[in-house]
Structure formats: structure tokens, C-alpha cells
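Protein chains in written order, with the working numbering: chain B, 1 to 188; chain Y, 189 to 376.
These aren't lab readings, by the way, just hints derived from the structure by calculation.
Wrong hints could be hidden among the right ones.
Some chain Y residues near chain B, calculated using beta-carbon distances under 7 Å [what the hints assert, rightly or not]:
| # | residue |
| --- | --- |
| 1 | V198 |
| 2 | L208 |
| 3 | Q222 |
| 4 | R226 |
| 5 | T235 |
| 6 | K256 |
| 7 | P276 |
| 8 | V282 |
| 9 | V310 |
| 10 | D325 |
| 11 | A350 |
| 12 | V373 |
Label pairs and their calculated CB-CB ranges [as the list claims (entries may be wrong)]:
| # | chain 1 | residue 1 | chain 2 | residue 2 | range |
| --- | --- | --- | --- | --- | --- |
| 13 | Y | A206 | B | E159 | 48 to 54 Å |
| 14 | Y | A213 | B | T27 | 55 to 61 Å |
| 15 | Y | A353 | B | E159 | 32 to 38 Å |
| 16 | Y | E212 | B | R55 | 33 to 39 Å |
| 17 | Y | A258 | B | K66 | 14 to 20 Å |
| 18 | B | T148 | Y | D199 | 38 to 44 Å |
| 19 | Y | D331 | B | A162 | 25 to 31 Å |
| 20 | B | R23 | Y | E250 | 43 to 49 Å |
| 21 | B | A18 | Y | A258 | 38 to 44 Å |
| 22 | Y | P218 | B | D72 | 27 to 33 Å |
| 23 | Y | D331 | B | G13 | 40 to 46 Å |
We put the beta carbon where it would ideally sit given N, CA and C, even for glycine.
Number of protein chains: 2
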Amino acid sequence: MAESGKNKKVDNGVNVEALLEAREALTAAPEAAQFTWRASCQWMNGTHSHSTVERFFGLGQEQTHKKKFAFDADHPEIFASEDKGATPVEYVLVGLASCLTAGIAAVAQNRGIQLRSVSATVEGGMDIQGILGIDRDVRNGFDGIKVTYNIDADATPEEIKALVAQSQKRSAVYDVITNPTNVTVNVA
Amino acid sequence: MAESGKNKKVDNGVNVEALLEAREALTAAPEAAQFTWRASCQWMNGTHSHSTVERFFGLGQEQTHKKKFAFDADHPEIFASEDKGATPVEYVLVGLASCLTAGIAAVAQNRGIQLRSVSATVEGGMDIQGILGIDRDVRNGFDGIKVTYNIDADATPEEIKALVAQSQKRSAVYDVITNPTNVTVNVA
Chain B
1 MAESGKNKKV DNGVNVEALL EAREALTAAP EAAQFTWRAS CQWMNGTHSH STVERFFGLG
61 QEQTHKKKFA FDADHPEIFA SEDKGATPVE YVLVGLASCL TAGIAAVAQN RGIQLRSVSA
121 TVEGGMDIQG ILGIDRDVRN GFDGIKVTYN IDADATPEEI KALVAQSQKR SAVYDVITNP
181 TNVTVNVA
Chain Y
189 MAESGKNKKV DNGVNVEALL EAREALTAAP EAAQFTWRAS CQWMNGTHSH STVERFFGLG
249 QEQTHKKKFA FDADHPEIFA SEDKGATPVE YVLVGLASCL TAGIAAVAQN RGIQLRSVSA
309 TVEGGMDIQG ILGIDRDVRN GFDGIKVTYN IDADATPEEI KALVAQSQKR SAVYDVITNP
369 TNVTVNVA
């Protein structure tokens, strides 16, 4: 469609040219595509912890974020905790929403679709009989997650749906949640 | 063991009595155990988004955190982004570390083990040929996650290992990452 096509000057703030160049460069040098993402977590008291994110490995070398990001996590007062931060499961929902949203912006830029606003609500259902050990048949995690987008863009409803679908297809966190990942936990 | 047993006054800041009472109450009224956790996400520009966590549903009614928690997510500068927040996948690592850490404190309290310090490092490997669409056989998410705990506690190394193992067994985020969860994404 000419009106939302690549000929129109579209700016969603995503440097698609740089991403396409990176794709070419990493196709030629796949060892540079091996990343390690990290977080550190310090127990404060009770269920309250303080985590930081600062360094990661990628493009063959250690990388540092522009600043250290810090996060408090806790359980709410109805669990007899002090509610000093979002719960760990809410952090996972933030990760999912932000991953899909970044993807929507990148795909829109690549498809020449100007976004005006994008917002999402994410809901994860959980039967806490699992984590409380009441019923062994109830899982500890979410019984399902529902994401709902409101998108205002220079595109048809079908183009907008296709944007969201393509973002899902390339989303790291969507993959982490919908597929199993091996986690090993050790004591030093 | 008497030295680390329940007779000793142990305070990890976790109200285990309240949790055990909650377990009893929810065993009698399992419908109160149905929770919904939520996050809202607003696209800012490029890959930068702003998410908030404030309300959730549980114990049969709407609940509100003591305050609204806010989180910026972005991609780093090496992805031609502005690095205005942690990456979405790092949020998942924060969720995992904080979930396991809260569990360790709760289990330690229940077992009469005094914790002095608990810290964790979490590393998730990722081949970004997946998210860049270079190789369809490479998954988008982590190829594995490694959590390493350093724990100083009034307990034997075996007791500490057992603490960590029990926390894993009851962790919501560990379950979300290691097992598949259905995610539906809709456009309103």
C-alpha cells in the first residue's frame, strides 16, 4: 500500500538500517552473535531483594550498559511481606510486554508503518495453591498469559495485526515463556 | 540439628506463621487462591518502553500495591538503541533471581536456619541469530540459564543446598522459565 509503504518517510525511532547491517555482519561472523545476559541479586530481608543489571557479553567482548539498572522485588502485604517492590512474576510480565513492544516498533519501521501510540496490558493468571504447596497438581507458574495491544498507526487493522504477529515470532521473552528453558541452580 | 533447628530464635524477616495460616485458609477456600498479576506497557520511542505495575487480583478481590512500580526497558547501544533501561530478557533474569531468593528466605525461616547473606548471579546465554532472523534453527530465547548462589547461613553446606533446592521446587518464575506457558496476544 502506497500510503503506509516504504516510500513514505516513517520514523519510529528504530534504526532499521543498522539492524539490517548487524544481521549481515553476524551472518558472516556467527560467533559474535553469542550473547550472555546477566543479573545480580542481593537478599535484603524477608522476601525483599535488590537486583542490578550492568554488564553483558556480546559481539565477542564484555559490554556495559550506559548505567547500572537497579530493581527491588518483594511480595505484597497480603502475603505478610512489605511490598518494597514488584513481585518476581510481575517482572516477567514487564519483560514480555517490553519485548513485544520493542519488536512492534522495529517491525513497523521495517515495513514503513508510522506508529502513533502503542500500549499493552498483560495479565497472568496463577493459582497460588501451587507455590503454597497446597495442591501438587497445581503448577507454580502462570496458568496462562493474555496480552492486549492498543495500537494507533498509519496502517490497516490487518497490517497492525500482522505487525504484532511478526513481533511475537521474533520475541526472545515470548519464546522463553512459551517454551521450556533449562535452568541450573548451584551453590558456590 | 539442634544448632540450626527450630528451637533457636531465627529471624530472616519472613512471617512464616502468617504464610502457614494463609495456606490453611486457602486450603479451605481455594477460590481465594486464584490470582491475576498485571503489567501495563507504553511504547515511548524506538525500542524504549515504560511499564508500570500497580494492581492485581487475589483473595477474591482487587488489590493495590503500596505504590506504583515503574520500569523502563530498551535495547543497548550496540543494537543501535538508546539503552534507556534494562533489556526485556534481563527483566526475566531479575524475576528469576528475586523469586528464588525470596523462596530461600522463606524456606530458611520455616526450617529454623538463620541467613546472614544471600546473593546470586544469573547468566542467560543467547544466540541472537534467532531474534535477528539469520538462522531459523536458532531459538529466540535463552539457550540455558545458570544461577549461582553465595549463601552465608547458620547451617551446613548440605542444609544450604537443600534450602536452594526447595526454593526451586516452589518458585513461580523457575516454573515459568523451565516449562511452557500459553501466551495469547490480541489487538483490541
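Now the hints, each set against the structure:
no.: 1; hint: V198; verdict: violated (13 Å)
no.: 2; hint: L208; verdict: violated (9 Å)
no.: 3; hint: Q222; verdict: holds (6 Å)
no.: 4; hint: R226; verdict: holds (5 Å)
no.: 5; hint: T235; verdict: holds (4 Å)
no.: 6; hint: K256; verdict: violated (10 Å)
no.: 7; hint: P276; verdict: holds (3 Å)
no.: 8; hint: V282; verdict: holds (4 Å)
no.: 9; hint: V310; verdict: holds (5 Å)
no.: 10; hint: D325; verdict: violated (12 Å)
no.: 11; hint: A350; verdict: violated (10 Å)
no.: 12; hint: V373; verdict: holds (4 Å)
no.: 13; hint: Y:A206 to B:E159: 48 to 54 Å; verdict: holds (51 Å)
no.: 14; hint: Y:A213 to B:T27: 55 to 61 Å; verdict: holds (57 Å)
no.: 15; hint: Y:A353 to B:E159: 32 to 38 Å; verdict: violated (49 Å)
no.: 16; hint: Y:E212 to B:R55: 33 to 39 Å; verdict: violated (45 Å)
no.: 17; hint: Y:A258 to B:K66: 14 to 20 Å; verdict: holds (18 Å)
no.: 18; hint: B:T148 to Y:D199: 38 to 44 Å; verdict: holds (43 Å)
no.: 19; hint: Y:D331 to B:A162: 25 to 31 Å; verdict: holds (28 Å)
no.: 20; hint: B:R23 to Y:E250: 43 to 49 Å; verdict: holds (45 Å)
no.: 21; hint: B:A18 to Y:A258: 38 to 44 Å; verdict: violated (28 Å)
no.: 22; hint: Y:P218 to B:D72: 27 to 33 Å; verdict: holds (31 Å)
no.: 23; hint: Y:D331 to B:G13: 40 to 46 Å; verdict: violated (30 Å)
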